[in-house]
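Given the coordinates of chain A, work out where chain B should sit on it, guided by the hints.
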Amino acid sequence: QVQLVESGGGVVQPGGSLTLSCATSGLTFSSHGFHWVRQAPGKGLEWVAFITSDGSNKYYADSVKGRITISRDNSKNTLNLQVNSLRAEDTAMYYCAKDRGKLWLDPWGQGTLVTVSS
Amino acid sequence: QSALTQPASVSGSPGQSITISCTGTSSDVGSYNLVSWYQQHPGKAPKLLICEGTQRPSGVSNRFSGSKSGNTASLTIAGLQAEDEADYYCCSSVGRYTWVFGGGTKLTVL
Chain A
2 QVQLVESGGG
12 VVQPGGSLTL
22 SCATSGLTFS
32 SHGFHWVRQA
42 PGKGLEWVAF
52 ITSDGSNKYY
62 ADSVKGRITI
72 SRDNSKNTLN
82 LQVNSLRAED
92 TAMYYCAKDR
102 GKLWLDPWGQ
112 GTLVTVSS
Chain B
10 QSALTQPASV
20 SGSPGQSITI
30 SCTGTSSDVG
40 SYNLVSWYQQ
50 HPGKAPKLLI
60 CEGTQRPSGV
70 SNRFSGSKSG
80 NTASLTIAGL
90 QAEDEADYYC
100 CSSVGRYTWV
110 FGGGTKLTVL
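Chains A and B supply the protein sequences, listed in that same order. First residue of the first sequence: 2, per my numbering; consecutive thereafter. First residue of the second sequence: 10, per my numbering; consecutive thereafter.
Just so you know, these hints were derived from the structure itself, not from any lab. Just to be clear, a hint being listed does not mean it is correct.
30 Å max Cα-Cα, derived DSS-like pairs, lysine-lysine [to be verified]:
#, chain 1, residue 1, chain 2, residue 2
1, B, 53, A, 77
2, A, 77, B, 115
3, B, 115, A, 44
4, B, 56, B, 115
5, A, 59, A, 77
6, B, 56, A, 44
Incomplete in silico selection of chain A near chain B, CB under 10 Å [as the list claims (entries may be wrong)]:
#, residue
7, 90
8, 94
9, 102
10, 107
Note that the coordinates shown come from a computational prediction; the quantities given were computed from them, not determined experimentally. Ideal placement from N, C-alpha and C gives every residue a C-beta, glycine not left out.
For reference, chain A alone in the conformation it holds in the complex (with noise of 0.2 Å):
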């Protein structure tokens, strides 16, 4: 059974920055891509970003290009999310997806929680 595990989230002050982990089990990591999505209270969907199986490729939506990095350490079979000069927008529920053939992703993990507030 797969199984992604997201940690990570905490309350950190603007222009903080955090790094996000997803850790997973069940599959074989290194082969398959994966997601970062994140969901502001009461609002929907977003993604985020994508990263190929070997990480050799990473994709970033406009929105947060420039101050988030995705990253995979495929010794660890964990996905990682590192965010920078956070901003109150930056507050949301951040879920790590596993990639199928880049048309969808499952399954999800449960989410972690970042705050941005002084």
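Relative to the frame of chain A, chain B by itself:
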């Protein structure tokens, strides 16, 4: 990367059928079957319902079906049940390595 357009809310009575639309452009929804649909109950993670526009993953009820016409994809839920009350999102690839979600539709079962 403009969000796909979904109705904010739909409602139906138990046993009825409802359809949720998802409108995009020829670059996303109108392309090859790139649309997927997700169900999200309050406080839970999204769950895949439909992939490649019309395909139901193993374990998803056959009451859920997907279709597409031009630049609009649709999710139909037949035989509404109380447990179907949730938020529903469509998603499409845009180009090779960008994805966009719809704004979400809140389904209320009356």
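Against the structure, the hints come out as follows:
1. B:53 x A:77: Distance ~26 Å between residue 53 of chain B and residue 77 of chain A Cα, so the pair holds.
2. A:77 x B:115: Measuring from Cα to Cα gives roughly 38 Å; hence the hint is violated.
3. B:115 x A:44: Judged against 30 Å, a Cα distance of about 11 Å means the pair holds.
4. B:56 x B:115: holds, 15 Å
5. A:59 x A:77: holds, 19 Å
6. B:56 x A:44: Measuring from Cα to Cα gives roughly 17 Å; hence the hint holds.
7. 90: Constraint on residue 90 of chain A not satisfied, violated at 15 Å.
8. 94: Status holds, d = 9 Å.
9. 102: Holds - the Cβ of residue 102 of chain A comes within 10 Å of chain B, reaching about 9 Å at its closest.
10. 107: holds, 4 Å
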